[in-house]
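Protein chains in written order, with the numbering used here: chain A, 1 to 288; chain B, 1001 to 1316.
Just so you know, these hints were derived from the structure itself, not from any lab. Just so you know, even glycine gets a beta-carbon here, dropped at the ideal spot from N, CA and C. Among the clues, some could well be false.
[As the list claims (entries may be wrong)] The list that follows gives simulated cross-link-like pairs (lysine-lysine, BS3-like), each with its CA atoms no further than 27 Å apart:
1. K251/A to K95/A
2. K188/A to K1251/B
3. K164/A to K1095/B
[Said to hold, decoys possible] Pair by pair, the computed Cβ-Cβ distance ranges are:
4. R275/A to I1293/B: 35 to 45 Å
5. G267/A to L1069/B: 28 to 38 Å
6. A43/A to L1069/B: 31 to 41 Å
7. D1075/B to R275/A: 48 to 58 Å
8. H206/A to A1214/B: 36 to 46 Å
9. G76/A to G1146/B: 45 to 55 Å
10. L1289/B to P113/A: 44 to 54 Å
11. L1128/B to K157/A: 45 to 55 Å
12. P113/A to F1081/B: 53 to 63 Å
13. T165/A to D1075/B: 36 to 46 Å
14. F1081/B to T165/A: 50 to 60 Å
[Stated by the list, open to error] Some but not every residue of chain B turned toward chain A, in silico, with C-beta under 10 Å:
15. A1096
16. P1168
17. A1180
18. L1291
19. I1293
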Amino acid sequence: MRRVIGAAAAAVVLAGGVAACGNSNSSGGSAGPTSAAASCSPAGIKHLLFKPGVLTVATDNPVYTPWFVSNTPTNGKGYESAVAYAVAAQLGFSKAHVTWVHEPFNSVYAPGPKAFDFDINEVSYTPQRAQAVTFSNSYYDVQQAIVALKGSAIVTKHSVAQLKTYIYGDQIGTTGLTYINSDIQPAKQPLVFNTLALAASALEAHRIDALITDTPTAQYMASAQIKHAVLVAQFPTVGEHYGLVFAKGNKLVDCVNKALAALKSNGTLAALQKRYLGIYLHFPTIKP
Amino acid sequence: MEQNQPSEPVDPMLGVGARTAGGAWVPPGAFVTGGRAPRLFSGGGRRGTVVSTVSTLIVLAILAGLFLLSPGARDVEHAFFSPPNMWQSFIGNPKAGYYSVGGAIWLNIRMFLVAEVLILALALFVALIRLSTHPALFPIRLLATGYVDFFRGVPLLLVVLALGLGIPALSLPVISYQHAVVYGVVALVLSYSAYVSEVYRAGINSVHQSQVSAARSLGLSQQTALRYVILPQAVRNIIPPLLNDFISLQKDTALVGVLGVIEANQAANIYASYRFNYSSFTVAAILFLLLTIPLARFTDRLIERDRRRRLAGATQ
């Protein structure tokens, strides 16, 4: 865990410096010289695209609020949909020149050619994952939170010792599980579900006491998706961030990182976060 | 008794044996359904051994060549067969976010053992109901038939999900507060008992009617005849197909993973999605093979032993 935090923090610091000087060697593997970075126009990056002339963006199916709205990535609503279109606009692609494809989480990191330019699906950066794929810099810095049913014990009793007594559930591949095992260290083994929907069903069926997921998702689940659920609290930040996923070594990441840096400095990312995630972020932080 | 047995129930068994032994590898007389059973390691003496060795090496070389010459071989090798990743997923490290695949297979083994015992009992019960002839039992026969049709027709995964998510949601006392593994095993038992009851039924039907008549004429009651004359013969006939189903059951314990239970396949899945490396699935596959191959060879041996015994009986 410490190693992950350290490396993630280093990556963030590095990314900041990199964005400033326009060089790119952050997410390991995008080891190309920056000659191509001179022109990040659609014409300049034509040879890097999966389909010439269009930006092909992948995400899972189904996708959830507040990252997407109505399971329709093409509507430009929801934080990730909006970020994808903002990045596309920054690279010079109009809305009509962005296509969306479905890519299950497990096949995003399969070796071999990818059927997309980048994937946007709340994928956390870790150094180990960066050995299999190339990540962009952060488009969202994320924290984990607890969702539980109203009236259950954990809502009121979540001291360090009490947190160890519950049965937790988590979606596979999320960093919540690492957090549960390394920081909470519960007495009973958590349940790990393939999809968030299954984890939500388990919570509703009282199979688990609490579900751990990122704060915006947690708040959406508590407020709209699961009846009688409540967001209990969020955990302190561990330097976790979401990155766009590229095929290992895809040099398109240089241009996308430039676009993200521009969106960060001109306030677009902050505005989109406020618009789509703002209401989800005011929660107490507890420390196990 | 053995001489009286009709040949119908025997041939399908030999058929199973022939397929299991992979007769296709031995060109001369590959499929022998009569006097000599095809075996995995056989051939016409020394020359046959040479031929089979050479052909095996050629086939392996072609497969290895196809793999190594493909442009993505290095990537696939790293993604699926990376030794450090295989080792780490095998030993696990919960604090780093993933579990031991090697430890998790123990849960599969326990689920399999418990489910197997329950299946053998429930399936026999269902088969006997379906074979009963008393008019008063008609509604139960109808139920049993409906049960078999339903659970053979519905995908096992859906049964696991329906029980694992549905029963806890009912909030019934005790029943709704079991561990997810319990619902998973119940789903396996319900689904597999439907198949195995049909195997039992075929086995019982394969015992010739004259056996019943002979037993009854000796003064045995219907139940006693069933218990001491029919079932022993039936069960011996169906051991190979039964074991075949149990090999399948061993693998299907992996489906319980969808309920969040960390069995071998789910542990591998967790590792893969943490590290973006599929080598953990290779580890799970190897572990499942280590479980199923001994049972498959044991089945072969039973078939062989049974065949020898029957032939011995025929020469008396």
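Hint check:
For the given pair, K251/A sits about 22 Å from K95/A by alpha-carbon distance, which is consistent with the 27 Å threshold. Restraint check for K188/A and K1251/B: satisfied, since their Cα atoms lie roughly 26 Å apart, inside the 27 Å limit. A hinted pair counts as satisfied when its Cα atoms are at most 27 Å apart, and K164/A with K1095/B qualifies at roughly 14 Å. Under the hint 35 to 45 Å, the C-beta atoms of R275/A and I1293/B, about 58 Å apart, miss the expected range.
Taking 28 to 38 Å as the suggested C-beta distance range, the pair G267/A and L1069/B does not conform, at roughly 52 Å. Distance hint for A43/A and L1069/B: a CB-CB separation of about 36 Å, consistent with the stated range 31 to 41 Å. Distance hint for D1075/B and R275/A: a CB-CB separation of about 40 Å, inconsistent with the stated range 48 to 58 Å. Remark: the range hint 36 to 46 Å for H206/A to A1214/B is contradicted by a beta-carbon distance near 58 Å.
For G76/A and G1146/B, the hinted distance range of 45 to 55 Å is satisfied, since their beta carbons lie about 51 Å from each other. Checked against the hint of 44 to 54 Å, the pair L1289/B and P113/A fails, with Cβ atoms roughly 30 Å apart. Between L1128/B and K157/A, the C-beta spacing of about 53 Å keeps the proposed range 45 to 55 Å intact. In this structure the supplied range 53 to 63 Å is violated for P113/A paired with F1081/B, their Cβ-Cβ distance being about 20 Å.
Look at T165/A against D1075/B: about 44 Å separates their beta carbons, and that is inside 36 to 46 Å. The supplied range of 50 to 60 Å is broken by F1081/B and T165/A, whose beta-carbon atoms lie about 41 Å from each other. Against a cut-off of 10 Å between C-beta atoms, the interface hint on A1096/B holds, since the closest Cβ of chain A lies about 7 Å away. Hint status for P1168/B relative to chain A: holds, with the closest Cβ pair at about 4 Å, below 10 Å.
The beta carbon of A1180/B comes within 6 Å of a beta carbon in chain A, closer than 10 Å, and the hint placing it at the interface holds. For L1291/B, the suggested interface contact is broken, since its CB lies about 22 Å from the closest CB of chain A, more than 10 Å. With a least beta-carbon distance of about 27 Å to chain A, the hint placing I1293/B at the interface is violated under the 10 Å criterion.
Taken one by one, the earlier hints fail for this structure at numbers 4, 5, 7, 8, 10, 12, 14, 18 and 19, listed in ascending order.
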